[in-house]
Amino acid sequence: MTGLYEKYRVSPYYIWLGFLCAVLLLGAYATAVRFLGHEEVFGATNLVPLGILISTYIFFVVTSTGLCFITCFGHVFRLHRYELIAKRGVFLSIITLLAGFLAICLETERPWRLASLFIVSPNFTAPIWWMAFFYNIYLVFLVIEFCALLFEKSVLARFAGIGGFLTAIAAHSTLGAIFGLIKAKPFWAGPFLPIYFILSALVSGTAFLIFMTIATYRVQRRSIPTEIEELIVEMGKKLLVLFLGIVIFFWIWKVISSLYGHPPGKYEAMMSLIAGPLSLRFWLFEILIGLLIPFFFLLFFPKAKSSKGVFLASLLVLIGLFVSRFDLVITGQIAPVWGGPYASYSPTLIEWTMVASAIALCLLIYSIGEKLLPLEEKIPTEGAKEKAEDNTEDAS
Amino acid sequence: MTPKRYAMVIDLNRCIGCDTCAVACKMENDVPLGVWRIWVNQKEKGTYPHVRRAYLPVLCNHCENPICVYPCPVKATYRRKEDGIVVVDPHLCVGCKICIVACPYQMRSLDPIKRVAQKCNFCVHRIEAGLRPACVEACPTMAMVFGDLNDKNGPFVRLLAERPAQRLKMSYGTYPQVYYIGKDVSLIPFEKGGSIYDKREG
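Taken in sequence, the protein lines are chains A and B. Residues in the first sequence are numbered from 31 upward in steps of one, following this note's numbering. Residues in the second sequence are numbered from 46 upward in steps of one, following this note's numbering.
Chain A with its partners taken away, still in its complex shape (with noise of 0.2 Å):
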């Protein structure tokens, strides 16, 4: 019976895989539904056109550049220590970039003309076809950085690294625009969202590989290297605590800025998040959980000190994050405009099984590519240190 059991035994990472697989065709499934289907399977109205698909567009490009960002400063700022969580970092910004694509593609009525009308008929006001833009150019220069690292070509890598990281700029800031330069939506109009997209992608980036490092450590049973553990809890403990405490200080000024004096428009919006329809989510999610306890919990608690620690915190970030972007694009929508209630929105059984299907996409993308590709980083032992101190005294 042992040896039956022995003999068909399943190793758990392809029941994972399976899994994965298995959430990606129930996608496919609700993407033959949405566009073979002439029913409206959308929880989407004329009122508020876009959904959680671009939320989550949103999450994954935000997570994209905020990775880009972070492993840019081992590389390209020559912050040695970050180099180890290069390649892990800049494949984790390949990954959350495709599933980001799927979710818009998913989102878009028509996402077959996307590729060749952006080509054939550009319109250089949009932000939209610009953001495409930089994020294409954005993607091949992540593509380079990772087989640069791959080789361990590092000048190509720091290039490459430079390019991506100023494309990230262009394309997140722009990103940002999409929202900021409508000026029919009060609650995103202005400066605000380009620069506030850069400063959570920051966020995002940080609390995202914190989770995927200790998250893979964890699943495959090993104990994580101290140099990559400190590295990790540094990251927790300073950089995160650091970025939500800015992300922090800009939402208290979006909060008083969009009730001081009643604008219109705006006041609604953000009436809509504090004491409206979308406040248990605002106060419970965004702000208890996104931001305040994981904020206070690695500033003031000890236990925040481990990997446990800052897992836990990036974990709790990551969930907010998600539903912040959910209602940054709902609540810029749902303020009427002919006077009123406010317009409501709920995702349907198939825009949450599109978006469990980017998850997925992501998930397994990267559990073939943690088997495949070489993502750690080779840490040097203590002889090896030494010798490498020896020849650059020799050098010098």
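All clues stand as given, with none of them false.
Simulated coverage check for chain B against chain A, where a stretch passes if three residues somewhere in it have a Cβ under 8 Å from a Cβ of chain A:
1. 116 to 123
2. 138 to 144
3. 156 to 169
Straight-line Cα separation of at most 27 Å, DSS-like style, residue types lysine-lysine; simulated pairs:
4. A:K215 <-> B:K214
5. B:K120 <-> A:K213
6. A:K267 <-> A:K284
7. B:K88 <-> A:K215
Bear in mind the hints are in silico, worked out from the structure with no lab data behind them. By construction, the Cβ of each residue, glycine as well, lies at the ideal position given by its N, Cα and C atoms.
We have chain A already, so just place chain B on it with the hints.
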């Protein structure tokens, strides 16, 4: 030949809220179920016995500065140079829905069958054939008048010169080309506690 600048005047003193314009538009343009290109906002004003129902027919304003046009990534929507009409090319639209969000009057919607953005185009096919838009043609009280602003001696420009007219949400700097005679202050958007019957929700 000088280019035309088509515009519309709606005399709210004549509007009886019969929705004929909305129905005529639906029939003329084959507008799908659940979507409208023109509708009549309604609001009850005052308390009994001094009560009145105010009407505000709304449609695409064909703005001179169309802020819904700029964010379209593929030039699927544009303002025609020859007559100032803002149109959507359904063969180019990718359905990103950004124009629907960007219109401050919420006059764009998604065609659930073609899966592209759609809106009032002043019945451009009728205008090119020398006819008037369907809503104007159908209005039983002749509350809607359609004409060319560049025809300086025409009846349309004379009407606008003789009667005080207002436009909607001028604060956005869009310079809408639909003018309202006798616009009621109670129909101004963002009015506190206001509740205007919105066809798309009812």
